[in-house]
Amino acid sequence: MDDVIVAFAGTEDLKNDAEYVFIHAFAESLAEHGVNVVVHPSNTLGKESDRFDQTSQGLIAVNIGNGGVLMKASKWSSTLFLPFLTSDEASFDRIVEESDGLAKINEEASRLGVRVAGFAMRGGTLGLFNTEKPVTTLADVADMRLRAQNGDQVTFMSAWGAKPTVVSWAETPNALQTGVATGHFNPPSTVVAAGQVELLNYFTPLNAGPVPKVIMMSDDWYSFLSDEERGWVDEAVARGIEVNRAWALEQAPYFEQVIVDGGIEVTPLAEGEREKFVEASRAVWNQIVPQEDVDYITQFTE
Amino acid sequence: MPIFPFLFLTATLLSGSAIAYFVGGATIVGFFSLDQTRYLAALPQRAMSQLDVFAFLAMPLFILTGELMNRGGVTEALIRFSLSMLGRFKGGMAHVNILTSVFFAGISGSATADAAALGNTLVPEMERQGYSRDYAAAITAASSIIGPIIPPSIILIFYGALLNTSVVALFAAGVVPGLLLAAVLMAVNAFMAHRYDHPGGKGSEIPPFWGSLVQALPALSLPVIILSGILFGVMTPAEAAGVASLAALAVGMFYGRLTLRDVQEALSRTVMLSGAVFIILVAVATFGYLTSVEQLPRKLAEMIGDVGLDATGYMIVLNLIFLAAGMVMDVKAAVALLGPLLIPPAIALGVDPVHMGILIGFNLTVGLLTPPLGGVLLILSTVVDIGYWRLVRACLPFLVVELILLGVLIYVPAISLTLPRYLGLIN
Amino acid sequence: MHATARFLDRLSFGIDRLLRAIALVGLVLMVAFISLQVVARYGFSAPPAWTEEAARYAMVWVGLLGAAISYRAGFDPKLVKLPATLPRPLLALAALLRGAAVVIFLGPILFFCFFGPGLNPERSFLARNLYTTAESFDMPTIFVAVTVPIFIIAIFLHGLAHCARGLATLRTPRPERDFNALDHA
Ligand code: NA
Ligand code: NA
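Protein chains in written order, with my numbering: chain A, 1 to 302; chain B, 1 to 427; chain C, 1 to 185.
Hints are computed from structural coordinates only; laboratory data are not their basis. Be aware that one or more of the hints could be misleading.
Straight-line Cα separation of at most 25 Å, DSS-like style, residue types lysine-lysine; simulated pairs [claimed, not checked]: (1) A:Lys104 to A:Lys133; (2) A:Lys72 to A:Lys104; (3) B:Lys299 to A:Lys15; (4) A:Lys47 to B:Lys299; (5) A:Lys75 to A:Lys47; (6) A:Lys72 to A:Lys47.
Derived DEER-like restraints, expressed as beta-carbon distance ranges [as the list claims (entries may be wrong)]: (7) B:Gly305 to A:Asp234: 33 to 39 Å; (8) C:Arg6 to B:Ser132: 49 to 55 Å; (9) C:Ala3 to B:Thr382: 47 to 53 Å; (10) B:Thr418 to A:Glu107: 54 to 60 Å; (11) B:Glu265 to A:Gly179: 36 to 42 Å; (12) B:Arg38 to A:Arg230: 20 to 26 Å; (13) B:Tyr422 to A:Asp13: 53 to 59 Å; (14) A:Glu265 to B:Tyr422: 24 to 30 Å; (15) C:Gly118 to A:Glu107: 30 to 36 Å; (16) B:Tyr411 to C:Ala32: 21 to 27 Å; (17) B:Leu179 to C:Leu86: 56 to 62 Å.
Covered, in the sense of this in silico footprint (three residues per stretch, anywhere, with C-beta under 8 Å from a C-beta of chain A), are these stretches of chain B [to be verified]: (18) 161-174; (19) 288-294.
Bear in mind that the values here come from a model prediction, so they are computed numbers and not experimental data. Don't be surprised by glycine CBs; every beta carbon is placed ideally from N, CA and C.
Excised from the complex, chain A in its bound form (with noise of 0.2 Å):
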């Protein structure tokens, strides 16, 4: 079998990348049928859309993307990004596991010769990330100048009462710093692997979900392996999400510390307060993604 080209945005980092996490059990798995793989680190093969784009022609193997430019090419995707759908990892799973959601968006992605093989996890739960003030109710997010990602976000950050301002990532530290906005919806490991840490003065766990890397690989590529070598791909896939998994719940808790030895305080909502964030939510998910869709997925919500 030739070689695996795998491509990432990340460095190869094992402690803090959750993806390379993934991928380097992705490889190890494969070493033991003698495949190699080679690994293209740091968006050295382009941007998220030039290697969904380089994925889809079969010149990347193995891509870990981000979930915009999955939305891009499959716009039923969002369903699963849908803030307050889950509220961790587990869950997250289980609804992958349970629905037909993997099987709609490679319905969607396949035209564009590409297949979501399942999700690397960053590690912990959405939260909410602010330099201004402990936020620990809905009424507090009242008017907060939010960095919002997209119009997805947009839409749920007015919901709460916010007023979001749609800011590039490469331009969220210098927005932050000078009060273009003054907070955003991520995770602690994101936030330390973006070296934020200094910025941010407050940190409100939401549990908002998890944040899921799309591990896609190219239809090409895949299907032009014998039935062997598939197995040894689908088998060293599942080994690379199984080794995330259990690297993503030990390493939770120490970004956690990262943040509050960093001098972030930690401010968790008020009695009854996550149940308004998500009401407020849930009031919008039918402007993110059609209503036949919200229903689908409630269905495996509860």
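Assemble the complex: chain A is given as a structure, and chains B and C with the ligands must be docked to it using the hints.
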């Protein structure tokens, strides 16, 4: 490398091919020679996505701002204001030339635009007052490169976008080195003025300070909007550039100089200038892709490790490479082509990426004053009608001073890094 | 020969005018979107999410059409400038090499706009962009992607017209501005 492609590339280089097409064509030949042709299929996407970058947005808009400003009577107002402050000193007009470039620098990011504008207006005036044409042209050339160092700066936008470094932090880091360059040039000029008895001082016509300040206020509001807007976080660089282009339009209308035809020409030239830059980016996207497929950056970093260069040693090598590149290449092509390949190893060795950006920016702009090419030299020798090599000789003392300043900047990172640190933009 | 050259010349001129008009509109849109973003941030309660992405797409249009305009105007920076006093065959050879660089560089990019893996047009760059949408508004990215073949075809046409003009010596080639190439920093 096989002999035929090599001969072909050399011949193409000598044929007067534009840099973009030469680099692009050579890279495609490289894909074939290295048997990587299947990757060619990714190129259309790479071409599109290389341009589709948030940080680049500021570039065409700052070019537009400069184009509008040059046509809008802003230059005269700024010269008059500088004159009201510095005209009374010996060598006053040369000081005015430097100070006007500082104001210019706060609006536009281009050294060649500065050189063309002041070469047209100030150099004849200086000659009338009794300066030699050589000196007038040389001081114009030497001070024009303040433009890309004090923000906004197209070179720094380029660097920031290509190396994922905050453009805001780079802009903040450029302020002090730019002002320092102006101060050093003024000191050299003061020395020359006394040594060679330049005109200025008593008896010259000095416009009243307050009158010229009021006249210059609209023009001066531009750098204030741009700099405070960016550095204090009211706007992103792209937003500041957009607002500044509208402000330049308004200021031009205030001075009553901007016609509809001017606006159209400014837009048209901006499109063409941006196009010339973006085709370089497309070529660089192609080249960068080949180096990535071949994992060249990684091999280069390992090589540097094997040679055992430390941060300072590598910095000096890097600066020499960029100085050489600046002598023969377009500044932005040099950043785009060499930056992504050569700079990451320096950052891995612990050099601050913002400090690095200022050094590369300073280094390459000094290249605008060096033969055999030197963009500012070529522009000025045409605009001022002075022989190219005569101008080179006249610029030499200033060039030496600027190279010494570059050395100081390399060894004292605090000069560039203190302001962005103070503003909390870097740690 | 003359008729062909004249036709190509007029075609190249017309395309240039058209592309300039589109690029100017793109540039004005860039300014408008970016300024709207500032106004919205400090004016409205919920600023639109699409301004930045729309401005970026306008920039791709401006940049690539600008590349074609710059090519026709001979505006791109060069390393070497050949003296016009060289013998004519040498100058012709140089022009041939310059043309070859353009075709070698842009030819493959143009080809893969229309063909994908296995030379399948349904998987070409353009076809792939039929299925991907912009992030913050509902628009297939084909409306951005299509600039890539447009600017390349325009450059090829300009180059062809230039060659034909040279061969037919319809008129002496446009004198290039002396220092234009370095008007960039
Ligand atoms: Na400037
Ligand atoms: Na000057």
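Evaluation of the provided hints:
Taking the CA atoms of Lys104 (chain A) and Lys133 (chain A), the gap is near 41 Å; set against the 25 Å cutoff, the hint is violated. With a C-alpha separation of about 14 Å, the suggested pair Lys72 (chain A) and Lys104 (chain A) falls inside the 25 Å cut-off, and the hint holds. For the hint pairing Lys299 (chain B) with Lys15 (chain A), the CA-to-CA distance comes to about 24 Å; that is within 25 Å, so the pair holds. For a cut-off of 25 Å, the pair hint linking Lys47 (chain A) to Lys299 (chain B) stands: about 21 Å separates their Cα positions.
Taken as a hint, the Lys75 (chain A) and Lys47 (chain A) pair is honoured in the structure, with Cα atoms around 20 Å apart against an allowance of 25 Å. Distance restraint check for Lys72 (chain A) and Lys47 (chain A): the Cα-Cα separation of roughly 14 Å lies within the 25 Å cut-off, and the hinted pair is therefore satisfied. Look at Gly305 (chain B) against Asp234 (chain A): about 38 Å separates their beta carbons, and that is inside 33 to 39 Å. About 51 Å separates the C-beta atoms of Arg6 (chain C) and Ser132 (chain B), a value consistent with the hinted range of 49 to 55 Å.
Look at Ala3 (chain C) against Thr382 (chain B): about 38 Å separates their beta carbons, and that is not inside 47 to 53 Å. A hinted range of 54 to 60 Å for the beta carbons of Thr418 (chain B) and Glu107 (chain A) is consistent with their spacing of about 56 Å. The hinted range of 36 to 42 Å is satisfied by Glu265 (chain B) and Gly179 (chain A), whose Cβ atoms lie roughly 38 Å apart. At roughly 22 Å, the beta carbons of Arg38 (chain B) and Arg230 (chain A) sit within the given window of 20 to 26 Å.
A beta carbon spacing of about 31 Å between Tyr422 (chain B) and Asp13 (chain A) contradicts the range 53 to 59 Å that was offered as a hint. Checking the proposed 24 to 30 Å range against Glu265 (chain A) and Tyr422 (chain B) shows it holds: the Cβ atoms sit about 25 Å from each other. Taking the beta carbon of each, Gly118 (chain C) and Glu107 (chain A) are about 22 Å apart, not inside 30 to 36 Å as hinted. At about 46 Å, the beta-carbon gap between Tyr411 (chain B) and Ala32 (chain C) misses the expected band of 21 to 27 Å.
Between Leu179 (chain B) and Leu86 (chain C), the C-beta spacing of about 47 Å breaks the proposed range 56 to 62 Å. Coverage of a stretch by a chain is defined here by at least three residues with a beta carbon nearer than 8 Å to that chain's beta carbons; for the stretch 161-174 of chain B and chain A the count is 4, and the condition holds. With 3 residues bearing a CB less than 8 Å from a CB of chain A, the stretch 288-294 of chain B meets the requirement of three and the coverage assertion stands.
Hint violations for this structure: numbers 1, 9, 13, 15, 16, 17, all remaining hints satisfied.
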